[in-house]
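Q: Those protein sequences? They're chains A and C, same order as listed.
First residue of the first sequence? That's 1 in this note's numbering, and the numbers climb one at a time after it.
First residue of the second sequence? That's 471 in this note's numbering, and the numbers climb one at a time after it.
Keep in mind the hints are simulated off the structure, nothing from the lab.
Keep in mind that the hints are not guaranteed to be accurate.
Have a look at the derived ranges for each label pair, beta carbon to beta carbon [claimed, not checked]:
1. C:Lys-508 x A:Glu-181: 27 to 37 Å
2. C:Gly-563 x A:Val-395: 22 to 32 Å
3. C:Leu-700 x A:Gly-168: 55 to 65 Å
4. A:Gln-321 x C:Lys-508: 50 to 60 Å
In this text, all values refer to a predicted model and were calculated from it rather than measured experimentally.
Here a beta-carbon is modelled for each residue, glycine too, at the ideal position from N, C-alpha and C.
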Amino acid sequence: MSGWRDVDVAIIGAGVVGCALARELARFDCSVVVLEQATDICEGTSKANTAILHTGFDCVAGSLESRLVHRGYELLRDYAAAANVAIEATGAVLVAWDEDQAASLPALAEKARANGYPESVLVGAHEVYELEPHLGEGVLAGLRVPGESIIDPWSVVSAFATEAVRAGVELCLGTRVESLEREGECHVVCTTSGRVRARWVLNAAGLSSSKVDGFCDHHDFTIQPRRGELIVFDKLSRALVNSIILPVPTKRTKGVLISPTVFGNVLLGPTADDVDDPGATGTTREGLERLLDAGARMMPELLDEEVTATYAGLRAASEHQDYQVRRHEGENYVCIGAIRSTGLTSSMALAEYVMELMRSAGFDAASLPAPPVPVMAPLGEGQRRRYLDNELIAVNPAYGEVVCHCERVSAGEIVDALKGDVAATSISGLRRRTRAMNGRCQGFYCAARVVAMMIEATGRVASDLTGLPR
Amino acid sequence: MSTDVDVVVVGGGPAGLSAAMRLRERGVSRVVVVEREKVAGGVPRHCVHPGFGMRDLHRLLSGPHYAETMVRRALARGVSLLSATTVTSCDEGGVNVTSARGTQRIDARAVILATGARERPRPARGVPGDRPAGVFTTGQLQQWTYLEGLPVGARALVVGAEHVSFSAILTLRHAGVATVALVTEHQRHQSVTGAGLVARTWGHAPVHSFTRVVEIIGRRRVEKVVLENLMTGRVWSETVDTVVFSGDWIPDHELARRCGIVMDPGTLGPASDALGRTSNANIYAAGNLLHPVESADVVSLWARDVADTVAAELLHRAEGTRPWVTLGIEKPVSWVWPNRIIVGHAPTRLRLHTESFTSARTLQLVSSGHVVAEQRLRRTTPNRSMNVASSFVDALGEASATIRLR
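Extracted from the complex, chain C is given alone in its bound form (with noise of 0.2 Å):
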């Protein structure tokens, strides 16, 4: 069984419903969202606090109702919703899917990735010790308590302190459980002013700054957690029965690399220009795919950007592949979106993440061994994506460039 589209969007959150809407009110008249969740709607279905929807909808919502929203505008301005669909592979003709009415293949014109990102596991960040339960990503942590209602323990430790730590105190919360405290392996937590003191005087869970988890104790159960401060090496544990996996985004991207576009070794997720063209003239990426992460209003609105080039680009398809730069980096900085960029054509925007504080430093832009270009940038924040004015890759010319900071 195949069905004949003109856009199939990969993913029904923030990103890839934004898009399939505004490609509809171009014009574009055949677009799916496939989506894997029984629901549609994405990470914000489970944040039950509010903070969605400022920048693209005009309204202050909270995450359910934000992706209730954008469910409900999806779908009254023509987008087709498959949800409960998986897509098992894609290519530039478009997508192989399954779900309860069997497999089915999905021709498109144009393929949007918009898989999202996830929070790493406990495996991933190489925390040793026992494997008992009890142990949480933020997101697992949402859906288990707003979703399933299903208890959780009695005292909780956070580790990580970005946004989504903060976050995941309030799901704690709500859960009727007390979060012990926030590790962070860096100097200080990376969320907006005042959360530290927030969460300290009416959360009762104090950061601990450049603390990391030694180990993890218990047989059936999370029993205690062994923590370290790396500055003065002191050792100590906390008893608690639940430790939650914090922020530490990275992006979903299994589709994109095994359909064989060119991967962004900063991002990890589809390298593109900030309009989501990939290395693939036909399949384009939209969202927390490109830049783990962004708040969902930004993501949506950046969608939008998207949605705009792939309706263009469907009646004026540029000929062959078009000729695009590298934009890699020099750490501290840990990655750069956009990464790719097509010769001639200027970023609309730019956003870097770095992997520690920084000072203010001076950013620079190095091409074929030469400083085409300098900033200065204000101190950096790990874990939160800053702005960089677009004009600063302006410089840039025919040979791919390096960014750094001195």
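Just chain A, with the same shape it has in the complex (with noise of 0.2 Å):
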């Protein structure tokens, strides 16, 4: 993209929601581009998250976040089935460790039911053991609520997206907004790679959203980040952990969680610390001790286990309780903001939303039949992985040939990943892509090799893909 664009649409975005826009627009007829600040997508909140698909039960009831969790476990959970993007019904068990968090189970169940969530189940303390039975001591009660899920939050962005670039969105990946100016009914968006004159623009910025809002003169919120440090553990570990198991939530956060993932992981977290640095991704001590001392009360064996690498995300926090998706009278433009850990799950639901506040106001695009759902390369552990797929294999025997050891993955990825309608440009793309350097041994044995695919397939430049001066 370059000089100016008219276009009909402008997602300003390209995380699990500016995607989930996107594909929903793609079923329409009109133009949509997708301006993204980082040079992939899924770059921002959407990359390091829980990766779990929330029931919503212990949304605050009545919520428009409530609301869209509610539908968009549903939408997500049928489209990842679709797209083959790993899902697990694991089920999760809230534990309370002491008499006043047992004394809240009751009004949390209660709190479901108004959530239209009515399957969690009050349980008792022997109950809990029998379904995890590696918890440490202590336990006195738990709710069990059997729709939580896990999901590879990875494959969903990058389901939308290649959904929506194959149905002719165009995504412009390194392109920073930096002001919107109102032109009649139109805005012209002000980029780091030229403007673009859109007659709707829809704010997916995340973590900027409110910053976005602002060049709006809209001050409705302020993203207030919100840190969330993450501890992935070995492989080896995840018989300790039959389901998700959840702390009994305070108003400010889920607390800290032990949960599978679909890559066969266990992860501890998230701490929630606020913090003024959008960009302070870093992990810390302090936040690591904390969680370990947690994970030694919650599951004391899961801390014999390796490490297999820690990470912080920061969510879209505000001073609100809820979501602020908002357009105000008279302006084709829509804030989608302060979307918080439940973005992964709402996603969908949030999209058919927007396009709700659109069409009432006037957004009357024909609906053109659906283009078809993309197919994922699976990757979670429930799936058949390519390096067990004979048909495969006999095709292609790049599918054969594994060079990530620790999580199996095959020459044959890695160079779809680099090929696909939204390829990876970036070592960590990749990453996300394939799980390729993912695993325990965190590119000991096949980062160099990698690395030099990499450049063989895209003829980049080493120093380019490792943050080297050239």
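Assembly of the complex is requested from the two constituent chains, each provided in isolation within its own frame, with the hints serving as guidance.
A: Set out below in structure tokens:
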């Protein structure tokens, strides 16, 4: 993209919300661009979360978040199945470790019902231990939430983006929005790589959503980045955990949980610390220690296992208890802001809701036949991975050639990810699309080869990929 | 598709190749080594410095030359080598593999696990901060430099000061990278005498003792590393674009754990006797999977003993399970190997690791609450194994025992 562009819709941000919007709009007869400041999709809040498909049982009843999480859960569950995105209905058990927490469980069950989720069940300590025999001592009671599921968060965003791009949406990466100007019915979006005149502007800028809202002179909310640090344990710990183990939530955070991942690891986290810098995605000694302390109480055996990775993500929290989704009267601009940790679950419902807002404000593009749902590479341990797929290996032997040994990623999958419609352009992008280098050795065995493959497939220069000066 | 062999060896490094060729020498006819990399040879493939082959081949070779020699010799002895082939699971009857030819079952009368060891990467060491590019382990750095010829950076900090850490300086130098310093939380480096002096004078890289990495800073690329002296509390930072996490070895034990054999809490490898016998009569183990880590030539020599045992037991398999006792540890001993002793079979060797430097102390063998053996031990160095006369455990009866320092 360069110079001037005229489009029907400009979406700011290519996280899970922006890509869900792009996918939704690709089903209408209109021109759409997605403007993303990072050089890849899924680079902000969407890349570092707890990877859970929430039922919304603990949302604020009656909130927009509650409604959209509830609806989004069903939409994303079905979409993930269609797009071959790994998802496992592990269920969750919310565990009370003291009398106060135990006393609050019936109210949580009631809240779940108010959120349209009547399936939660109060259980005694004995049953909690039957469900999760490796929990530490001191469980008093629990609340089973059978619908909570785990999902591959990265492939969801990739699938949305791939579907949108294949249907003609233009994805402009490395394009930061610097200002927004009204021009009659339209907005002119000034970016680092040119100007876009758009009939509609959708602000899905995540951590920057309040800043972009400010470009339109709206000050309805302020993003207060909330950092969540997480520890990923080795796959050999997966057998310790059957379901998502939740603490009793507080007003501010869902608390530190232990959750299996679809990749076969176990997550411990997140912390919840307000930070000022929207780039503060580093982990801290204090944060990691807090997690290990919590983990030692919840599941002592977990700490005997090796740590595979640690990371921190920033949730786009605000001073409000609910999402900030709003179209101001007379403006063809919708802000989709303050989408907190539930945004992955609600993403498709958010897109649906934004379409309703646009429709009621006169957006009248004709519907097109729905584009085919892309079929993503099977990355989940519950799926048939490429290295085991004899039919595919017979067609393309590179699927049998394992390059990343810890995660069993084949050469064929790496090449696919570098050449897809929304191809990996960075080492971290390749990790998210294939799992290569995400395993216990963190590249001891494969990183050199993977990077060499990347250079060969893309013609990129090694120093570019590794952040060195040319 | 399935193949039937006498012995399948998982891993084509020094231990696996050495065991395989010894099996052939002992008259075992069908021996297959399964190697997941395209080229067999294991870690020495990317250790481009001399120091290999002394004790097993009686020659002084570089790592790659040693790896090639081992592969050539194994092939010459009639070992079948399946490279670029990954073992996806194993059991007492053989292994399941995948490769460009698809999945395959290899049935075997015995399995030898020789999957080696790797260095703990940054996250496993709990080092916080940003996650920029420029963070390596030595193994990764060596492959990066010697196998792929990729650019590394300009200034590096090496975390760790054991043997392999000094090898990292060589690799960095070859890659045109200046090593700013080595840092270790211990009181001094743990390599051979003089290594620190050589690093300081020739490599211009001082060893900072009692020092830990507090934080790594950098957005796209490492920009600096914050360090802390654990004794004085002084905190400072080094401006570097590269950090190499060296040493701190852990067995690559996934297959071993998943096939259900008993693991040792000290080494984190399979519990085994000195002949590589594990808790499953058909599954043996060899090399640094058992004892992280010994040098390649030592590993290769000891793997011959495992092969001799496998060859003998293929002919005369012991009936039923053999009674055995475990050799446990008490801190600061961090592991002892062998850690499983078959009753009536005195081990041929005994190696011991401690987690910290210790001065001359008494090593005790404690069984059923009694000290059954004692021996003076000279000072120990962490990250280096030391020999203990295997007669030390002669007093072991039919009860398990613990080794401790007093």
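Q: Against this structure, judge whether each hint is valid.
A: Comparing the hints with the structure gives:
no.	hint	result
1	C:Lys-508 x A:Glu-181: 27 to 37 Å	violated (57 Å)
2	C:Gly-563 x A:Val-395: 22 to 32 Å	holds (30 Å)
3	C:Leu-700 x A:Gly-168: 55 to 65 Å	holds (59 Å)
4	A:Gln-321 x C:Lys-508: 50 to 60 Å	holds (56 Å)
Comparing the model with each earlier hint shows a violation of hint 1 alone; every other hint is respected.
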